[in-house]
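Visitor: The lines below spell out each chain.
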Amino acid sequence: MDPTDVSDPRYYHKVVDCQWACPAHTNVPAYIRLIAQGRYSESYLLNRASNVFPGVLGRTCDRPCEPACRRGRIDEKPVAICRLKRVAADLRDDIEPFLPKAPEQKNGKRIALIGAGPASLTVANDLLPLGYTVTIFEKNREPGGLMRINIPSFRLPAQVLDDECGYIINMGAEMRYGAAVTSLAAVLDEGFDAVFVGSGAPKGKDLDIPGRHDDPAHVHIGIDWLANVHFEHIKKIEPRVIIIGVGNTAMDCCRSAKRLGATDVKVVARRGRQHFKASPWELEDAEEEQVEIIENHAPKRMVVENGTLVGMEFDVLDWTEDASGKQTSRVLRTETIPCDAVILAIGQDNAFPWIERDLGLEFNKWDMPVVDSETHQSTNPKVFFGGDAAWGPKNIIWAVAHGHAAAISIDLFCQGEDVTKRPPQGMNLLSVKNGLHSWAYDNGFDASGRQVMRHEDLTKRFRDMKVEVELGFSAEQVATEVSRCLNCDIQTQFNAPKCIECDACIDVCPTACLTITKAQSSEAELRKHLTVPATNADQDIYHSSPLPQTERLMVKDEDVCLHCGLCAERCPTAAWEMQLFDLLQPKAGATCHEEVPATV
Amino acid sequence: MTSIAKPIATHPRLKTNSLGLTIRDYEGGMSTLCAGCGHDSVTAAIVQAAWELALPPHRAAKMSGIGCSSKTTAYFMKQSHGFNSVHGRMPSVASGAAAANRGLNVIGISGDGDSLSIGLGQLTHAIRRNTNMLYVIENNGVYGLTKGQFSASADIGSKLKKGETNEQPPIDPVLLALSVGATFVGRSFSGDKQQLVPILKAAISHRGLALVDVISPCVTFNNHEGSTKSYQYTRDHDVAAVEADYIPVCDPIEITGLGAQSSNGHADSLRVVQLHDGGTVRLRSTSPDYDPTDRASAHQHISACQRRGEIATGLLFVDSGSRSLHDVLRTSSTPLVDLRHEDLCPGSAALDSLMKRFR
Ligand SMILES: Cc1cc2nc3c(=O)[nH]c(=O)nc-3n(C[C@H](O)[C@H](O)[C@H](O)COP(=O)(O)OP(=O)(O)OC[C@H]3O[C@@H](n4cnc5c(N)ncnc54)[C@H](O)[C@@H]3O)c2cc1C
Ligand SMILES: Cc1ncc(C[n+]2csc(CCOP(=O)(O)OP(=O)(O)O)c2C)c(N)n1
Ligand code: SF4
Ligand code: SF4
Ligand code: SF4
Ligand SMILES: [Mg+2]
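Chains as they are written, first to last, in numbering that gives the first Met the number 0: chain A, 0 to 599; chain B, 0 to 358.
Don't read these hints as lab results, they were simulated from the structure.
Computed from a prediction, not measured in an experiment: that's the story for all the values here.
It is possible that some hints are incorrect.
Facing chain A, a subset of chain B residues (Cβ under 7 Å, in silico) [claimed, not checked]:
#1 H10
#2 E26
#3 G35
#4 R356
Ideal placement from N, C-alpha and C gives every residue a C-beta, glycine not left out.
Use the sequences and the hints to build the structure in full.
Guide: See below:
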């Protein structure tokens, strides 16, 4: 068995579960420590270096980091990573002096970005400081994409979005608002060196059932309806509303309807709760606002009497699962739910009617552009895709991650380099030892539970669409929540030749991570021979080279390490050390470029 | 010392014993010993043995004298009783506790200084009395607490950190115990829990005094080259003379580590010894002419090892028919502490009538 290769940044990167799960690899533990120290602006900037929109994301992120958080494996509830991001954003000082700036001297390359959503804005954010001339085509009159026109302001106040789009645009992007691109050929003809398509997935899915078009004024497509609400083309809705679909769009629709006068709002789903796409917290918030959620109802027809929608008929389903896990449904009965309006929130499609098919830009059988998953380049080498436009609807943080990757490609492409030769990830490791029993980080374990977000009073929040529901954490809650973080980026690093096999580290480890044992034929076998067998295959195990005295191996199961540093404190020879791991994520224009180095 | 107490968080898949306790429930306070001290590993082995045996923590008493080793009673079973006595006097206090409450599991922890230097007389008499207790000597060859002077277990020729050589012969607690009638004698190494834990379990289950000498390196004062009690030296010279496996009464007798045949092919070297609690120890000596149930054979074999410069380890001798202090004195089967005051102290009239018999 070869010893684990920890010189590959991916090993320690993976230990930082949240950062590994974040599509943009936000350095979560480092920004949480900065908040703990009251260094909100630095925390904000560290966030911004990866995720570009900390204020927006601190309220709306899909938070793939939280289900991954190690703390969730220790006491079931992850650190409130997302809400702490908002703390950094809310409490920051003026950070404008510290933002990257575009140089006076441009590099002569002109880039067109189509759409001003998070994907395009990220590309602009990365390319402007490098001297690129960036032109953004946006069919609306404001930047932000769906963040602006679809995410309701009770979840995301406009000011937050204005500030964060402004930071980018103010670097000198040329904004062409109200400029719906109707021909990619025309854009290319303007002589841009590269084009980035960040136009999103703008077409809401329709539902083809009897009666659908019999009273069109009372049947809405969710994302269009939300956009109309945003533009204040729609200011009220009838009292009884049915929302079809149970994803995040449905959640925004039902809660918006509540604010526009609906009194009886039902979200109806074909399947059971465990299959809902909406995030659990959005479901909770909707239910708190007395939205009724109805499971196992398949839409059958819209009931229209005398030209007016009066209800919707559903097949009530009973789902069964066979041995292979395949779900089948059986109709139990038919049921009519009375209503005055229906909102269809069953998904979004891409649409590229404005891309000519003779530009060397290939489309696949689903009529989607063929895009390289790493470089974001289409088959027309000048044209790159990212965000929802690339592979269908995802979320903001993925759009940002795509933007960063596409910016690297566009930079390489414009500099005449091979876009497939990506700059590598790097890492820094820095000892955090201050003294015999003193660390540069707070290694204590705080057993407190996850803090619950405070919400605006139910009575107050319906007065105005713009009343933000989430109030943010109180100072006390911040203090508690930051100390729940386990500092997974402070890594245990082992140096086998120093070990005298005294067992001190094994004995002190609170979560039985460590074992000294004989080598086995394979890692899978080794996993079975640990103090507590390493059954979580998603988590790596570390195994050392043979130890000097007995040739056994030091093995660490990363699964539930608390990063408490006690192994290193009890080790008489400093064979275990605690090291701050700083992932150097490649960015456009620099191999290992970070505005803010991580600190403890 | 450590900067923090051990976090209360545990591994989510920790097993519980028959009392519903996890191994963490058998821990004590944070150790203040030097990082890497062998004594901490002995502590961890005791924690594991007590957890595996499902000892009820409130039925155990931890007794000790003075020394780094004697401090360790604070580092396990925080819910148990305990008495930290005077240097070398743990055996008396432990004997008192064991005499007063025969229902207690008495766990005595001592050092080579505590037991072989200042407390040698106490040790030998406790062995003679066969007080029902586990008696662990955490043997590092030095007085660790007072900064590393040679103790009575230091080998001839062993060197101190600054170069002084010991020229006086060592007292080997194992040979000493055998010669004063010990009924259970084992030796192990803090760095080998696979061997140490089963020995401790058998020792706790033994009725009478079970002496376990554990080579437990002093990482600060006696772990250098030239020391004969270092991690490296012990690993180089440790010879498992007897392999032991303790099987509690409730477990099916499954052969675990010990094959019916020894590695050298002698089928006869496996012995199954039943202890008083119904559990059994399975012993296999690594040499065919060594019978760990025969005192003379054990003595002979261990001395032979010693002459070869080897450290014989394992459960070296057990007398399963042993009679403990309470058996010999024929005390009441009810622990003395549980007797009614009138029965325990029948008053001056009863004393007078007793005294009459001697007049
Ligand atoms: C109701 C709803 C709620 C959501 N809530 C969340 C949430 O809470 N958290 C989360 O992470 N994600 C959420 N999402 C998803 C998220 O908004 C998107 O994944 C993300 O905005 C995609 O970013 P993008 O840059 O790819 O495209 P978009 O944000 O869609 O931006 C595309 C932009 O391109 C413009 N455009 C399109 N075509 C043209 C053209 N031909 N010419 C010029 N301009 C054009 C559009 O006007 C738009 O401004 C939600 C989505 C919806 C529908
Ligand atoms: C009556 C008495 N004499 C001397 C001492 C000083 N003293 C304290 S600990 C110790 C030796 C301890 O050695 P050992 O039992 O081997 O324990 P270790 O620290 O090595 O584990 C001595 C001599 C004392 N505390 N009391
Ligand atoms: S405990 Fe902190 S560092 Fe560790 S995964 Fe959770 S948020 Fe990240
Ligand atoms: S830091 Fe060391 S002692 Fe602490 S939980 Fe991790 S492996 Fe165990
Ligand atoms: S504490 Fe240090 S020397 Fe002792 S076993 Fe652990 S790594 Fe090795
Ligand atoms: Mg000593």
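Visitor: Hint by hint, note whether the structure agrees.
Guide: Structure-based check of each hint:
At a threshold of 7 Å, the smallest CB-CB gap from H10 (chain B) to chain A is about 4 Å, leaving the interface hint in force. Checking E26 (chain B) against chain A by beta carbon gives a least distance of about 9 Å; that is not within 7 Å, so the hint is violated. Nearest Cβ of chain A to the Cβ of G35 (chain B): about 3 Å, under the 7 Å cut. The hint holds. Evaluation of the R356 (chain B) hint against chain A yields a violated restraint, the C-beta minimum of about 56 Å exceeding 7 Å.
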